[in-house]
Amino acid sequence: MSRYLHTFCFLFSITSIVVYSFFDSHRTHYYVFLLGGYSLFGLIVFKRLNQLSRLVVLNLLFVFLSELTVRLLIHHHIESYPIYHLFIPVQIAFYGFIYAKISSIPRKRLFFVIVASLMLISLLTSIFIQKINYLPSIGFILLSCFAIPLSLLKFTEMINSPISRKLNLQTVFWFNLGTFFFYSITFFIYSFFPFISEGPDWVYDLPWFANIYFYTFYFISLVVSLDQRHSL
Amino acid sequence: MNNATNFDYLVAVAGGTLLFGLLTVFIIYFILLYRKSQTKLHFERERRKKELLQAEVEIKEQTLVNVSREIHDNLGQAAALVKINLSLISKDISEADQQKITESSELIKKLIDDMRSLSQSLNGDNIKRKGIIAMLNIDKERINKTGYVEVNFQHPSKPIDLEFDRQTILYRILQELFTNTLKYAKATTIQLKIEENDTEIAVNYSDDGIGFNYQSALSKGAGLTNIQDRCGIIDAKLYFESTIDEGTQVQITLKKRLTHDSNSSRR
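As you go down the protein sequences, you meet chains A and B in turn.
Residue numbers in the first sequence follow this note's numbering, run continuously in steps of one, and reach 232 at the last position.
Residue numbers in the second sequence follow this note's numbering, run continuously in steps of one, and reach 267 at the last position.
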């Protein structure tokens, strides 16, 4: 299936630009539609995927359901931020588990203690600092601070232990690239939000672009995984 | 927009641009580094493969030397004794039987010659003593004697300037080519030419046989793969050209002195 990737990437980019430029009010629908599509694809090919990709599918499904719930809550004028407060500890657990699988992390027990501590900190932040009716920007910064070093660690490992397969046909590369790319932008946006919030309108569109590219990178990792089922 | 907003606007744009710039640079840098590591891995694998092949060739060569000695020392001696015995018997028997004994003696003599020739050809140590040119001349005589194929061999007048290990492997490659022609090509002539200049040795081998499809032959048998692998070991460039019903041409070129960056290329 990897041979259709170029065509897909081209069509995806064109569609995204068209949606961004001409269908302003449908951007969110497009994002949720993409998430749903990627999740559905993942579920269809689930049995043919390797372990990493199966976890990615489960995560995509979780994100899709979270975003869908958020949109439904907004539609019914109900506060949607609590969903994100729940979303962050789950994502910390997901990245902790997945990087423990794909990276050679020494002292795994200590690593899982750190993961559990970060989950606890994010929950405590939601209770005491940024309550559940506010956007959990601190939680997102925490998640970024966790995901970025892990992706960098994996990149370093990949350089130290390369394999002969082309880089663009490696599941881990696309997964890691998506994580690194998205959380770098997330970290930037939430860390400098007071400055950025005063910036041009398109700054607010950055998370939208970051999100659709992030999950598209994950989707590509699934497609690539179909051709290399027996390895991570 | 007031002044404060303009500044914030600038910060947002500059920060965003810097972030995307850094991300792009990082990804490009990573891809370049990864490719470099992959190239290193590739060369390391090639080196290990070459070492493995070298060891395999050495083992095969040692086996051939042992077989050659066995033929020369044991089988050759036994055949010589049979010949002596036959010559002793021939004095006490009838004329008709004597005729048979004489024919048998002739056959034994031919057998001893063939065994000696085969023993020489198998023994890699002979290449050290006589050089590849002399050994190929022995093979040429042996093949020409069969009467099936005529080998024309052109070569420099003096021994070629190449390490003995590489000469041995080159010799085995040419033996494999001879074998392939004799077994499959249905050829009537083989042209073999060895040329040497200051830096390179070029071997041109051709036959007028039925030719073959290179790719399918490569997948079917180990002969061509052996030739390719051996060329890799001695850092020789191998060029194969075969046309159905028009014969086969093989060109092998190799540098006299190995350099670190020399690699074999194959088709």
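No wet-lab data here; the hints were simulated from the structure.
The beta-carbon is built from N, C-alpha and C at its ideal position, and this holds for glycine as well.
It is possible that some hints are incorrect.
Unchecked claim - FRET-style restraints, in silico, Cβ to Cβ:
no., chain 1, residue 1, chain 2, residue 2, range
1, A, VAL113, B, GLN62, 54 to 64 Å
2, A, VAL32, B, LEU18, 23 to 33 Å
3, A, SER117, B, ILE31, 13 to 23 Å
4, B, GLN62, A, THR7, 51 to 61 Å
5, A, GLY37, B, GLN251, 49 to 59 Å
6, A, ILE163, B, GLU176, 27 to 37 Å
To be verified - Pairs of lysine-lysine residues, derived as DSS-like cross-links and limited to a Cα-Cα distance of at most 27 Å, are as follows:
no., chain 1, residue 1, chain 2, residue 2
7, A, LYS101, B, LYS145
8, B, LYS130, B, LYS100
9, A, LYS166, B, LYS40
10, B, LYS183, B, LYS36
Status of each hint after checking the structure:
no.	hint	result
1	VAL113/A - GLN62/B: 54 to 64 Å	holds, 59 Å
2	VAL32/A - LEU18/B: 23 to 33 Å	holds, 31 Å
3	SER117/A - ILE31/B: 13 to 23 Å	violated, 34 Å
4	GLN62/B - THR7/A: 51 to 61 Å	holds, 56 Å
5	GLY37/A - GLN251/B: 49 to 59 Å	holds, 56 Å
6	ILE163/A - GLU176/B: 27 to 37 Å	holds, 34 Å
7	LYS101/A - LYS145/B	violated, 69 Å
8	LYS130/B - LYS100/B	violated, 38 Å
9	LYS166/A - LYS40/B	holds, 14 Å
10	LYS183/B - LYS36/B	violated, 45 Å
Hint violations for this structure: numbers 3, 7, 8, 10, all remaining hints satisfied.
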